[in-house]
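**Q** Residue strings, one per chain:
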Amino acid sequence: MGQWLHWIDLLGVAVFAVSGTLMAYRKHMDGFGVVVLASVTAIGGGTLRDMILDLPVFWVQEPDFLYAIMAAAALTIFWLRFTHKFPYQSLLVADAFGLAFFNVMGLQKALNYGATPFIAIVMGTMTGVFGGLIRDVICREIPLVLKGELYATTCIFGGVLYVLAQTMGLSISWAMLIGMLATLSLRLAAIRWHWQLPVFQGSH
Amino acid sequence: MGQWLHWIDLLGVAVFAVSGTLMAYRKHMDGFGVVVLASVTAIGGGTLRDMILDLPVFWVQEPDFLYAIMAAAALTIFWLRFTHKFPYQSLLVADAFGLAFFNVMGLQKALNYGATPFIAIVMGTMTGVFGGLIRDVICREIPLVLKGELYATTCIFGGVLYVLAQTMGLSISWAMLIGMLATLSLRLAAIRWHWQLPVFQGSH
Amino acid sequence: MGQWLHWIDLLGVAVFAVSGTLMAYRKHMDGFGVVVLASVTAIGGGTLRDMILDLPVFWVQEPDFLYAIMAAAALTIFWLRFTHKFPYQSLLVADAFGLAFFNVMGLQKALNYGATPFIAIVMGTMTGVFGGLIRDVICREIPLVLKGELYATTCIFGGVLYVLAQTMGLSISWAMLIGMLATLSLRLAAIRWHWQLPVFQGSH
Numbered sequence: 001m002g003q004w005l006h007w008i009d010l011l012g013v014a015v016f017a018v019s020g021t022l023m024a025y026r027k028h029m030d031g032f033g034v035v036v037l038a039s040v041t042a043i044g045g046g047t048l049r050d051m052i053l054d055l056p057v058f059w060v061q062e063p064d065f066l067y068a069i070m071a072a073a074a075l076t077i078f079w080l081r082f083t084h085k086f087p088y089q090s091l092l093v094a095d096a097f098g099l100a101f102f103n104v105m106g107l108q109k110a111l112n113y114g115a116t117p118f119i120a121i122v123m124g125t126m127t128g129v130f131g132g133l134i135r136d137v138i139c140r141e142i143p144l145v146l147k148g149e150l151y152a153t154t155c156i157f158g159g160v161l162y163v164l165a166q167t168m169g170l171s172i173s174w175a176m177l178i179g180m181l182a183t184l185s186l187r188l189a190a191i192r193w194h195w196q197l198p199v200f201q202g203s204h
Numbered sequence: 001m002g003q004w005l006h007w008i009d010l011l012g013v014a015v016f017a018v019s020g021t022l023m024a025y026r027k028h029m030d031g032f033g034v035v036v037l038a039s040v041t042a043i044g045g046g047t048l049r050d051m052i053l054d055l056p057v058f059w060v061q062e063p064d065f066l067y068a069i070m071a072a073a074a075l076t077i078f079w080l081r082f083t084h085k086f087p088y089q090s091l092l093v094a095d096a097f098g099l100a101f102f103n104v105m106g107l108q109k110a111l112n113y114g115a116t117p118f119i120a121i122v123m124g125t126m127t128g129v130f131g132g133l134i135r136d137v138i139c140r141e142i143p144l145v146l147k148g149e150l151y152a153t154t155c156i157f158g159g160v161l162y163v164l165a166q167t168m169g170l171s172i173s174w175a176m177l178i179g180m181l182a183t184l185s186l187r188l189a190a191i192r193w194h195w196q197l198p199v200f201q202g203s204h
Numbered sequence: 001m002g003q004w005l006h007w008i009d010l011l012g013v014a015v016f017a018v019s020g021t022l023m024a025y026r027k028h029m030d031g032f033g034v035v036v037l038a039s040v041t042a043i044g045g046g047t048l049r050d051m052i053l054d055l056p057v058f059w060v061q062e063p064d065f066l067y068a069i070m071a072a073a074a075l076t077i078f079w080l081r082f083t084h085k086f087p088y089q090s091l092l093v094a095d096a097f098g099l100a101f102f103n104v105m106g107l108q109k110a111l112n113y114g115a116t117p118f119i120a121i122v123m124g125t126m127t128g129v130f131g132g133l134i135r136d137v138i139c140r141e142i143p144l145v146l147k148g149e150l151y152a153t154t155c156i157f158g159g160v161l162y163v164l165a166q167t168m169g170l171s172i173s174w175a176m177l178i179g180m181l182a183t184l185s186l187r188l189a190a191i192r193w194h195w196q197l198p199v200f201q202g203s204h
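Residue numbers (my numbering), protein chains in the order written: chain A, 1 to 204; chain B, 1 to 204; chain C, 1 to 204.
Worth flagging that the hints you see were computed from the coordinates, not collected in a lab. A couple of the hints might just be wrong.
Note that the list lumps identical chains together, so a pair holds whenever it fits in one copy or between two copies.
Unchecked claim - Mimicking SDA-like on lysine to any residue, the simulated pairs with C-alpha atoms at most 25 Å apart in a straight line are:
| no. | residue 1 | residue 2 |
| --- | --- | --- |
| 1 | Lys85 | Leu170 |
| 2 | Lys85 | Ile142 |
| 3 | Lys109 | Leu5 |
| 4 | Lys85 | Asp64 |
| 5 | Lys109 | Ile8 |
| 6 | Lys109 | Pro63 |
| 7 | Lys109 | Ala74 |
| 8 | Lys85 | Leu188 |
| 9 | Lys109 | Phe58 |
For clarity, every value in this text was computed on a predicted model and none was experimentally measured.
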């Protein structure tokens, strides 16, 4: 199963790298800007998680992740050069898969480390959403995750189910599958029906 | 004394969480945005301090801090829903208490770790001000701490007195009390009489 | 050689601190804002590198670096007070020296730690450019490094030559010299002839 997980993990990284590349495209950045934004989006959350838990940062040990980012960025650039349009809807769906997988990886890594379930849910969510948050901050956008359709909330939902599954004695594989499917389906439903958390109506 | 310190520490975290929630309110963020901004403001400085000193990040071990943040954010939201106004002046005073306490906690943690007094003062100040700085960066504000009334400077002042007190042979409790009162009173005076550092008059 | 390297390292830190101070000047920040921006620019990249590699953060052990930053910031402020103009061209050249040296220090530190050549090149580049990136994010500028003249690319170029030199059996001193000269001369050429990476022409 380990090998299989590794490939999905690489795919998740690649999908997030594509989203960083798209943002760099909109912001007229150069080649290095693309690499930085793609990398920050794809590995920012996991890097912060590993630094906070004081674990070895995952991509330092396995440069595969950086190769996946560069390949994804290069393919995206070629695509944009030729078509000048982008399948945003497909990207949203792919991004939902990446989010679900990152969430579960973060949950598992934190629980392995000995964190409490509550902290594990925080870490899973952070793994899923922090890269996109840093991407938006670098590009001077109010981070999408803080005001758009259900996004981080789907990670919390998946995390709670993951923890419940483990508490009820299910194996790690089942817990991971349940957590992943829960995150994924809530996120896809939010995209489809534009579900949102209530937004504050503050005066200024 | 440890128990007593812990409660004040939680209070400091809660006050900073309120300030993050207020910013999220002004920026029309959703529920998750509130949680992120409240958390970043309240534990951002301490997290960076612990990562730089390579100590275990404090809230990973003690989820109490995250509960305090959520309670503070929820109460703030309820308050805003009902009143649509906020006691800014009281918040400023409470924030000054939080700042003073965070400063002293950062100083003590760094000195315990074996840092030099100079580095300890840097760490105390970083603990006090960095969370607010990240909050402002996420919200695309020029960080208040970099141009407003005396804020970080009060941490440096309190830190110098803390270190002097220890050098003169006073006990840790006395040094903490002196550092805290120095930070607090200078900050309250700055709020009251609008003391500022000179601001650059650059062209552009 | 160690002593000599240390002085150049301090000089690199000072040059980057000057660039942070200049940005604070343009943004009308106060004295603490100057210290924060100067510090973030000068030690941000190295701090992130050390946290990611889980090494002791370099300036915690050697406060010399912070003294160099403060001295550089203070001198810059005095200069600006008296002249109200600044030798930007000389600063660019000095900055190129700082960049080249930071790149080589990052490369060496990562290789010593046991990183692969690829990761070492990433770490060298990160050491060189990340401080400036954070500086620009704090000041709400689209980071210069992501869209201007060749900057990060010169670090990658220097890093590749450094690694090639070591692979061919040259001593560390020679590899450092080659990497540094390669970074420096490509950067100076980019400044002189305005070499850029192609910038995306994205629509909105």
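**Q** Evaluate each hint against the coordinates.
**A** A quick look at each hint next to the structure:
{"no.": "1", "hint": "Lys85 to Leu170", "verdict": "neither (45 Å within a copy, 48 Å between copies)"}
{"no.": "2", "hint": "Lys85 to Ile142", "verdict": "both (24 Å within a copy, 24 Å between copies)"}
{"no.": "3", "hint": "Lys109 to Leu5", "verdict": "within (13 Å within a copy, 32 Å between copies)"}
{"no.": "4", "hint": "Lys85 to Asp64", "verdict": "neither (29 Å within a copy, 48 Å between copies)"}
{"no.": "5", "hint": "Lys109 to Ile8", "verdict": "within (16 Å within a copy, 32 Å between copies)"}
{"no.": "6", "hint": "Lys109 to Pro63", "verdict": "both (19 Å within a copy, 18 Å between copies)"}
{"no.": "7", "hint": "Lys109 to Ala74", "verdict": "neither (30 Å within a copy, 29 Å between copies)"}
{"no.": "8", "hint": "Lys85 to Leu188", "verdict": "within (22 Å within a copy, 37 Å between copies)"}
{"no.": "9", "hint": "Lys109 to Phe58", "verdict": "both (11 Å within a copy, 18 Å between copies)"}
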